[in-house]
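Chains as they are written, first to last, in our numbering: chain C, 1 to 261; chain W, 1001 to 1235.
Calculated directly from the structure, the hints in this document are not laboratory data. Beta carbons are placed, not taken as given, at the ideal position from N, Cα and C, and that holds for glycine. Careful: at least some of the hints might be erroneous.
List of simulated lysine-lysine pairs, PhoX-like, C-alpha gap at most 20 Å [as the list claims (entries may be wrong)]:
hint, chain 1, residue 1, chain 2, residue 2
1, W, K1100, W, K1160
2, W, K1023, C, K83
3, C, K18, W, K1085
4, C, K100, C, K70
5, C, K83, W, K1029
6, C, K193, C, K129
7, C, K66, W, K1029
One side only, chain C facing chain W, incomplete, derived with CB under 10 Å [to be verified]:
hint, residue
8, R134
9, L246
10, R247
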Amino acid sequence: MGHEFNFMFRSELSEIPKYDAVFIRATTDPLYTAYVVSRTAWVLGLRVVDDPESIRICANKIHQYKLFEKYDVPHIPTLFLNKEEFHHRQIEEIFELFGKPVVIKAPYTSFSRYVEKVSCETSFREVAKRFFRRSDYIVVQKFMPSRFDWRVGVLNGEVLYVCKYMMPKGKWKHGVKRRGKPSFMWGRTVTLKRDNAPQRLKETALKACSVIGKGLYGVDIKEINGDYVVVEVNDNPSIYKDQEDLRDKDIYERIIKFLAE
Amino acid sequence: MSGASCVLVVSNIDLRTNAHITKPSVFLKSSVRDFILNINNDYRYMKTGYYVSLHAEILGNDVVPTTENAIDAYRLPVLLVRASKNGMPVMPHLVTDSVKQIMAEFNFPVVVFAVNPFSFNGFQTAKNRTALYRAVKSLSMNYRYAVCAQPLRSEILQVKSFFGECSIEDDGVREIAEKVYETFKIPVCKLLLQRFDKEAYLCGLQPLKLEEILPSDVDMISKIVSRFSGKGWFD
């Protein structure tokens, strides 16, 4: 399409002003270099994906769920737990409300890390204590098992691709660490043509993204008794060859167009 | 912002003022519609001070500081870019994880700041190559994250700033403190500066620890808060 691109690494960050647009493919978190890049590019007026606002909302699940609550985006039943009010009564009330087990999420979760399922007070305390090290607030959610999560890729308020992230056999999340091994095990990806995906699914995904911004997102959605509930919206979604891009081949073209606009 | 008659002060510091003060944990459960003045020793990302501002914003309130500014101010490269855009003298700086690049750019001694999610007071000075390698290795957590390097021309001066007011008799420093507050609106923080050739230069901003806030500082913050909440905001 006549656009030139270069890869930029950490030692070349001072060259940001020379470009027209920046496309980030690195873990985005307000505390990582990627945010510095995004924010610098934004302040200098460049087109940037992911933009700093999206990074802030997607990298912090508390921020995100608060927005979902405010704008009535259907999402998994969620509550927030504060470091200071973390005691026996509170944990019991949570189990009463959500049943057992419950899912605990650190606000900075990504790639299925820092999401854990607990079904007793001891493990609740153990996990929460670990997550409280970096954040003064954490997320607790109802456990809703399913065979797969829908993953809807959205760019600039339009659906880009649709696929199913299958759970590995006997597991409850898409990426799980193997016991005793450093490696991760990922479930299969089943890709659909975006035109063939359920309309209500796509509407739910677009509604969730509309409260975040106009960038590139991957929306995780669970289908429960025919209803679609949002698990979370991710910025910087993975796009792998022959997986997410298998059915809709114009993904990359659309992203480049959006960057160059 | 002027003329806002209602200001809700949310503070984790015990202030001596007649203004109504709410604790962060109480505020975070409320759905108050008001102008929020968030007083905290630490507004860093994912700390309670940050979540107070976040909660206020999601409720649709105006708040000081905003979450955007809170994140920017503690991210050193962003702090310096925005500060220099607003006309403050800042130290030249380089964001990198390469020692060679730092040596090519600056003469010794240099000061190296951490740009990673974990360090609280992360900076080290280096007078020679060996020390620089050691500093970069430790502050970048074994080259996993970037660091921000600056030339070291004087001692690093640490100044407590409350609403841009500080207790140092130096016009250059005072002006920077005022302008940093004007730009980022961080009510309580510590500024890091260098002062040489009769000029002051901004080189960093950090949170204060609760124990660093002395009774005289509490008085100073209380006085400013009463002034703001009594007369309205930013008159």
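Here is what the structure says about each hint:
{"no.": "1", "hint": "W:K1100 x W:K1160", "result": "violated, 34 Å"}
{"no.": "2", "hint": "W:K1023 x C:K83", "result": "holds, 14 Å"}
{"no.": "3", "hint": "C:K18 x W:K1085", "result": "holds, 17 Å"}
{"no.": "4", "hint": "C:K100 x C:K70", "result": "violated, 27 Å"}
{"no.": "5", "hint": "C:K83 x W:K1029", "result": "holds, 14 Å"}
{"no.": "6", "hint": "C:K193 x C:K129", "result": "violated, 43 Å"}
{"no.": "7", "hint": "C:K66 x W:K1029", "result": "holds, 12 Å"}
{"no.": "8", "hint": "R134", "result": "holds, 6 Å"}
{"no.": "9", "hint": "L246", "result": "violated, 33 Å"}
{"no.": "10", "hint": "R247", "result": "violated, 37 Å"}
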